[in-house]
Amino acid sequence: MFEAIAFYLFATLITVMFTITVMTSQALYALTAMAAGMIFISAFFFILGADFLGAIQIIVYTGAVMAIYAFGMMFFDTTRNVIEKRSNPRFVIVLGAFAAVLVVFIVLAPIVTTNLEAHYPIDLAVGNTQAIGMVLFTKYLVPFELAAIMLLVAMIAGIVLAGKKMDKSLTLMAEEEIALMHASSVSETLEEGAH
Amino acid sequence: MEVYLYIALFAPLVGSLFAALFGASPKTVITGLVTSGLLFISFVSSAFLLSYVMSGHTVHVEMMTWIAAGDLYIPFGFVVDQVSVTMMMVVTIVSTVVHIYSIGYMDHDKGFNRFFSYLSAFVFSMMILVMSDNFLGLFIGWEGVGLCSWLLIGFWYHKESASWAANEAFIMNRIADLAMLIGIFMLYWNLGSLQYDVVFANIGTLPMHIITWIGIFLFIGAMGKSAQFPLHTWLADAMEGPTPVSALIHAATMVTAGVYLVVRANPIYSLIPEVGTAIASLGAFVAMFAATMALVNRDMKRIIAYSTLSQLGYMFVAAGLGAYWVALFHLMAHAFFKALLFLGAGNVMHAMHDELDPFKMGGLKKSMKWTWILMTLASVALAGIYPLAGFFSKDLILEVAFVEHHYVLYTVLLLTAGLTAFYSFRLVALIFHGNERHLEHGIHPHEAYTFVLYAMAPLAVLAVIAGMAFKTPYYLMVTHLLPAVTYHIHNHTTFWIMTIGTQLFVILAIAYAYKKYAKAVKVDKKVESGFFYQLLYNQYFIPKIYDEVFSKPYLKLSKLAWKEIDLKIVDATVDGIANMIYQTGEKTHTMQNGNLSSMLRWMVIGLVVLLVLAVAFTAGYNAVNLQAM
Amino acid sequence: MEITLTHYLVLSTLLFAIGLIGVMRRKNLLMLFFSTEILLNAVNIGMAAISHYRGDYTGQMFAFFIIAIAASEVAVGLGLLIVWYKRTGKIDLDQMTSMRG
Amino acid sequence: MQEHILSILIFFPALAAMLGFVVHKDSARAYGITVAAIEFFLSLWLWSLYDPMTSGMQFMEMAPLVSAFGISYLVGIDGISLFIIILSAFFTLIGIASLTEKRRVKDLIITLLFLEMTMIGVFSALDAIVFYVFWELSLIPMLYIIGAWGGPLRIYASIKFFLYTFTGSLIMLVGMLFMAYFYYQATGQWSFSLLEWYRLILPVNFQMWLFAAFFFGFAIKVPMFPFHTWLPYAHGQAPTIGSVILAAILLKMGTYAFVRFSLPLFPDASVAFMFPIAILAIVMIVYTAMVAYAQEDIKQVVAYSSVSHMGVIILGIFAMNVEGITGSVFLMIAHGVVSGALFLLVGVIYDRRHTKLMSEFGGLASVMPRYATIFGIMMMASVGLPLTINFVGEFLSLLGFYKQSHSYTLVAGTAIIVGAIYMLSAYKKAFFGTVTKEENKNLKDVNRTELLGLVPLVIVAIWLGVYPKPLLVPINNSVEAIVQLMHDKAQTAEAKQRIPDLAHSAGLNSTQEAH
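Residue numbers (the working numbering), protein chains in the order written: chain A, 669 to 863; chain B, 3 to 631; chain C, 276 to 376; chain D, 41 to 555.
Bound-form chain A, shown alone:
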């Protein structure tokens, strides 16, 4: 009984949050709504008994990814509301909705597979995290190491790409300075392009 209430509660919350992220023209609203959404998703994970995953969701996703986005937003001076020239918006929504309906229709169809047995059956005796640890470090060891390397590469890439001229901080500069900087950077790129 509680589980149903929890499911519907969190489901509506997540949907509302994500709709805000998608629909709003304010960057800040989008960011905060998404962070909230993430938290509720981790709640789902806990409902589904994937505690370790819920934790990871909170730490990595909401913590790290949202943080970087926050930083990114600050960097791209999206304080003002984001003006976007959109062509035939209604078409997009209709298309998305229609796709959703179709997938739902497929999902609703009775899943007839009977011979699908679990590779790594869950036995509730052992704690979720321990069990995941067991599976992660035996069967998925190689992907795990690869993921590690991938994260390392991503980190380095992030640093390299965003490293140059970090000294100028937009937030501290005055309006006209930023405009000037843009003008110089544009001209700079032009000469680069020129010779």
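Incorrect hints may appear among the rest.
Unchecked claim - With a cut-off of at most 30 Å between alpha-carbon atoms, the simulated DSSO-like pairs for lysine-lysine come out as follows:
#1 D/Lys477 - B/Lys161
#2 D/Lys469 - B/Lys561
#3 B/Lys554 - D/Lys469
#4 B/Lys29 - D/Lys477
#5 D/Lys477 - B/Lys565
#6 D/Lys484 - B/Lys558
#7 C/Lys302 - B/Lys589
#8 D/Lys477 - B/Lys561
#9 D/Lys468 - B/Lys29
#10 D/Lys469 - B/Lys546
#11 D/Lys468 - B/Lys161
#12 B/Lys546 - D/Lys468
#13 D/Lys529 - D/Lys443
#14 B/Lys161 - D/Lys481
#15 D/Lys484 - B/Lys161
Honestly, the hints are just simulated from the structure, not real lab data. Computed from a predicted model, the values in this text were never measured in an experiment.
Given the coordinates of chain A, work out where chains B, C and D should sit on it, guided by the hints.
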């Protein structure tokens, strides 16, 4: 005996190749002499063969295989029997005379050598036509003569009218050749072979309608070559060629090939009498039709051409009524005096510097005495006056028509005999009698070379004696092969009345012609502008009709076929398909315009389409399964 | 009213659709990144749900790796975005059309 | 050496072409002529070794290529393909010998030698895939010849030619694959060899579909009526040598393929399709003859005339009896010789006046008498005069088809009339009449190199017209084998009735035995 056969056949070919060697170089008399000599040899060997055949034998030789495919086996076989030896004699005699004559006639022409090569090539193909022992050999000669007549009519190719006439002749002959080809196909598929002996032996076994069709198709082939009614316009235009050509080809040999075919295929035609009567009636019609056209014509050579056409009509009447040997006899006699007439006309043309209109000349009796005698002799023979050849062959045809109770044909032929006499003597009177109209044109005629006149002499002799001397020996020989039917009217009285009557009628016509044209000729406009005169003068407007109905629309249709159908429809569709593919490429290319959001949209559209398919397929699949279960 | 796997899958589809709409609507690249995050999370829910109802850890493993990938993707993505921003001063999608077909 | 003669014949020109790259530019022509001459004598030697009396395949060679699917390098010739191979070698020799092209002669000769390989390969291939490979390869050199040395519109013409034939052959390939699959289904193992396929009896509706597939590939190559529009462009823009080889040999691949593939493999379908194709052939004959009559460009007249002659060939093929098919095979060779010569002749006048419009010429007979005589002989051969090479072929084809239907042959017979009309009027416009144009006054007559090409063709045109026996006997025996095979394989009653049974010649009481 085979050696003579090969000599008779290949002597003209050797002459033609010899003359062809000098084709491009200027005039050398040797070519003329060599070709005439070789033809004379061919004539001599034909004479030998004649004597051999007269003694009752025939020569049949097979040189080599020509076409052997499946069950079809066609050899180069040659047979010399009664019919072909007569034709060989006619062809060789007339061609030897014409060759010698044209040495004189063509001596100012720069294409001298080329002319002799074509003329000998013509004689060679005529010999093949006459001597071959199967229908396809006949067809080789048939088309060979067509080719040579195309070369010779268009000999003076710088003249537009000559080359046009040559093409017209060739194409019109080709139309008839198609019918003949179909006849040959029918023969092959029904009888298994094209050899004369096999065909004539088994023709009886075929059902009647097939034989009729074979007879009709072969006759259409003959009609084209002998310029019978619907396909006759080319003969008048063929007068563009030099006169010896007209004499040899369009009087004596080629045009008679059609008659030869009907005579040779007599077993076929004797089985289908109603086709025979159809041929006879067509022949009578053509005789009358051509004679009327000759009455008013103002071109010397065309008058003689129409008279040939008319005489061919006579021959077809005889052949149609089953009197094959009479047709052949008239063919032989006619060849001699008609060639003589043409050669005489050639002399006159030469003297008059190629002036053809008899109204612009006159009184040549004085300056061209011998030509005058020869031409009058030929005209008398043509008219059919008693002692000469014409009487024995042409009046015989009248008798045939009378005995066979075809009184309509008889009257038509009688009338035409009168017309023939009238227009031939109109021509003679205009040219040789009356005042010398050519003087005011400043032309001073002179007699032809003596050797030319000597060349024409044998023809004159033959024109006189051919009737009386040859009739009985010829009859005895030919009836070995052809059905020996004799035609004589039982009670003497009607016989005498008929012969005397025709003679008187003919003499009357001659007298009238002399009276009208021998003296000073006054051209009265009223008659000239009359409807009948115009009708006859323009050959019943048939050439114009043919031009309007056939050649012009054919050209328009082909231009239409090319411009509209080929370029605009067939080609356009092909290019259209190619263009369509190109355009689809062009339009879908904008899909990748680099704008991420539009590309994303296309991706989602793709996804949706796939989903729809998945759903539709599973729905369909389930529906079928549920229904099946 | 017991929650079954279908409920979760429907929810996950719904979120995925929202993410999809976001991806298509947005012209601002950063906002577009947000939508991609939504897409990934939607899938994670599905994964977790299947893992739970099928009783098989593989689902969670996948979800786990998806999170790892998402993290690295965001890092690199934002790095590139910064470079683009420095170069052109705007992070508008319509302006990036150099990869034209 | 004797049993490998076919492979030598095929690959020798290609090797020589490879070597040709190192040959110096100036001696390229000499090199080309020697190679072509060797090839021609090899083909003559092949002819001397060939035994005309047996009807089966001779000089067979077999080497497995993709044994998993039964694709093997299987080559062999019989009466039908022997003479077209000799013709290809003959024309390459004549083409190179009388080459008057000045631009990049070396590359042209190399392309020609390569083309020769593909041509001989097509006619000797007995494996469907090897046939298909050579069939496609022959397009490439032709594409270059038209594309590189052609006239102003050459790119359009060459691409149209290439794509058009290529699409057709793709459909043919699909047909081949299906055929192999049916063979696999029937016998359990894969094979693309034609001789195996001959023994396969397919149900009639399969035959229909496969016949249609093969028909498209071959019809475009022939070219038959609706697909012929690439030919006038290809000929219009191709250089003389290109047109000669295209007209003489490449067009024959389509008709040869009909005889080799469509008829024996699908007898019932061929009989079922006989009348529609006959109608197409008649349209081809009469329609293209009229279009030829309307042309202003002498080369287009000859191009359309070759389409018209191909109509007669198609008619002969679908006559389904020995006379018809023998006639059509003979006419293929005859048309090759005649149209090849005509294109060479058009090339002669084009080299002098650089225009092909008949209105530009007039009265050439007096200016260039030798040229006029050769053109006259070839024109008469093209019109099908007896004692010339074309007549034998045309006569037998029409004779053959007459057995199938009288009225069709009557209409098709007009070929000899319409043929005469357009050929004679073209000859009159070009040669007769007075010399009107200034440039025509002092044109030189045919020179030695041109005569080198033309005289042999004239000799062959007359020799094979007078004495066609050396060709007719081998063709006849091979065709009898095919017709007998078709009769035995035929299932429908109509097919049995239309294809004569030669075993006990029920069809016809042939009185005289075969000579």
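Tested hints:
1. D/Lys477 - B/Lys161: holds, 16 Å
2. D/Lys469 - B/Lys561: holds, 16 Å
3. B/Lys554 - D/Lys469: holds, 17 Å
4. B/Lys29 - D/Lys477: It holds: about 27 Å lies between the C-alpha atoms, which stays within 30 Å.
5. D/Lys477 - B/Lys565: Within the cut-off at roughly 27 Å; holds.
6. D/Lys484 - B/Lys558: violated, 36 Å
7. C/Lys302 - B/Lys589: holds, 25 Å
8. D/Lys477 - B/Lys561: Given pair D/Lys477, B/Lys561 holds - Cα atoms ~25 Å apart, limit 30 Å.
9. D/Lys468 - B/Lys29: holds, 25 Å
10. D/Lys469 - B/Lys546: holds, 22 Å
11. D/Lys468 - B/Lys161: holds, 11 Å
12. B/Lys546 - D/Lys468: holds, 21 Å
13. D/Lys529 - D/Lys443: With Cα atoms ~21 Å apart, D/Lys529 and D/Lys443 stay inside 30 Å; holds.
14. B/Lys161 - D/Lys481: holds, 17 Å
15. D/Lys484 - B/Lys161: holds, 23 Å
Against the hints set out earlier in the document, a violation occurs for number 6 only.
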